[in-house]
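Enquirer: Chain by chain, the residues run as shown.
2 protein chains.
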Amino acid sequence: MAITLYELQAADDRRISPYCWRTRFALAHKGLAATFVPVKFTEKDKIAFSGQDKVPVIQDGERVVFDSWTIAGYLEDTYPDRPSLFGGEVGRSMARFINMWGDKVQNPNLGSLIIADVFQGLCPEDKPYFQKTREQRFGKALAEVQKGREERLAGFRAALESVRSVVAEQPFICGPKPAYADYIVIGGFMWARCTSPFKLLDPADPVHAWRERMLGLFDGMGAKAKGFPA
Amino acid sequence: MAITLYELQAADDRRISPYCWRTRFALAHKGLAATFVPVKFTEKDKIAFSGQDKVPVIQDGERVVFDSWTIAGYLEDTYPDRPSLFGGEVGRSMARFINMWGDKVQNPNLGSLIIADVFQGLCPEDKPYFQKTREQRFGKALAEVQKGREERLAGFRAALESVRSVVAEQPFICGPKPAYADYIVIGGFMWARCTSPFKLLDPADPVHAWRERMLGLFDGMGAKAKGFPA
Chain D
308 MAITLYELQA ADDRRISPYC WRTRFALAHK GLAATFVPVK FTEKDKIAFS
358 GQDKVPVIQD GERVVFDSWT IAGYLEDTYP DRPSLFGGEV GRSMARFINM
408 WGDKVQNPNL GSLIIADVFQ GLCPEDKPYF QKTREQRFGK ALAEVQKGRE
458 ERLAGFRAAL ESVRSVVAEQ PFICGPKPAY ADYIVIGGFM WARCTSPFKL
508 LDPADPVHAW RERMLGLFDG MGAKAKGFPA
Chain Y
308 MAITLYELQA ADDRRISPYC WRTRFALAHK GLAATFVPVK FTEKDKIAFS
358 GQDKVPVIQD GERVVFDSWT IAGYLEDTYP DRPSLFGGEV GRSMARFINM
408 WGDKVQNPNL GSLIIADVFQ GLCPEDKPYF QKTREQRFGK ALAEVQKGRE
458 ERLAGFRAAL ESVRSVVAEQ PFICGPKPAY ADYIVIGGFM WARCTSPFKL
508 LDPADPVHAW RERMLGLFDG MGAKAKGFPA
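Chains as they are written, first to last, in the numbering used here: chain D, 308 to 537; chain Y, 308 to 537.
This list has only true hints and no planted wrong ones.
Copies of the same chain look alike in the list, so a pair counts if it fits in one copy or across any two.
Here are the simulated DSSO-like cross-link-like pairs (lysine-lysine), alpha carbons at most 27 Å apart as the crow flies:
{"id": "1", "residue 1": "K351", "residue 2": "K361"}
{"id": "2", "residue 1": "K434", "residue 2": "K531"}
{"id": "3", "residue 1": "K484", "residue 2": "K411"}
Simulated from the structure, these hints should not be mistaken for laboratory data.
Turn these sequences into a full structure, and let the hints steer you where they fit.
Expert: Right, here's the structure in full:
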């Protein structure tokens, strides 16, 4: 039976959550069939069965799992005969480090560059909730957060140095083939791609070439996603 | 035959390089006997045989290897039957990401907190070289770089969030047992410990407890190092 992934939906049926994209890629990596259920910010009732209110949530038969990192571990443990997401326990531990880097460095940096675009592209009924909660988080208007992004782009690119140094030497963060650390980082870029026309990467940047490789994986899953092809 | 490690030496025979400490821990992890040759900044002639001018350098029989990351890979490949530094190829790739995080985030942040202390503790003959090259790098006097460090300490601690999130859940960055990613990060802390009395970590921080565990490894190798026990 196929796994069901509940994932965040914006206007035009764009799937925009960086964390849901991590799970989408992890499912594809494991070769697990999945059906996708869109969830708007104002449709928390759809995932109330999970006992909390955030996507991604997966339902796999009787099992319900939420939080992208927990889901990745669940998939690795439950489907050990499928391609590994971590390459072993030491790798799983290091992937957790990179996961937190994505959460605390990559995605907040990205957010400051695209948050007003994210807002613009939400379904109308989601906008008041998003504006209120995010403006509380940032302590200012979303347009103010995003303002001056051209000047802050160099800082974002500098923060990618750990990624760059690896993918300048080999095709993927995890080596000749991608694995979960790659999906962590592409999750952030999918968020941007599906919400904002802002150009994040210099085409000469090795991270740009890596992103192209990532977009092409799994029959172009990322490249085909609705959004703003960069 | 024992491996020889050429490593940076400060006054009072303190061994202060974060990169040499990475190699020290890697050698201990592999259980490889080593002799240590101290090298001052003004003694580059001691490592001229390596064809470049930076420590760490190791000599293993006929083989000469420099650069801490290259050395780690050499040890892993040359001594595959000894405990693994990376836990496999995917782990090696992710460790490279963390290595660059250490180089570009952890150590520069640390440097801004302790650089004047590092200078003070150098051998007298090394001070002019160090002052000139570092002041060129920072674009100001070393005392100016370090000034106001109390106010910048919170930023350094925040930058450790990726480490914290992992070691709050498990003993080491690499899992139940330490491996090379742990040695990357302890390298920076050994640099600080061997050069500066400045207190970097709150004792309640999980990173503090992790550091204690790291200092105790290999018969207290880190704890016994000459410096400023925090």
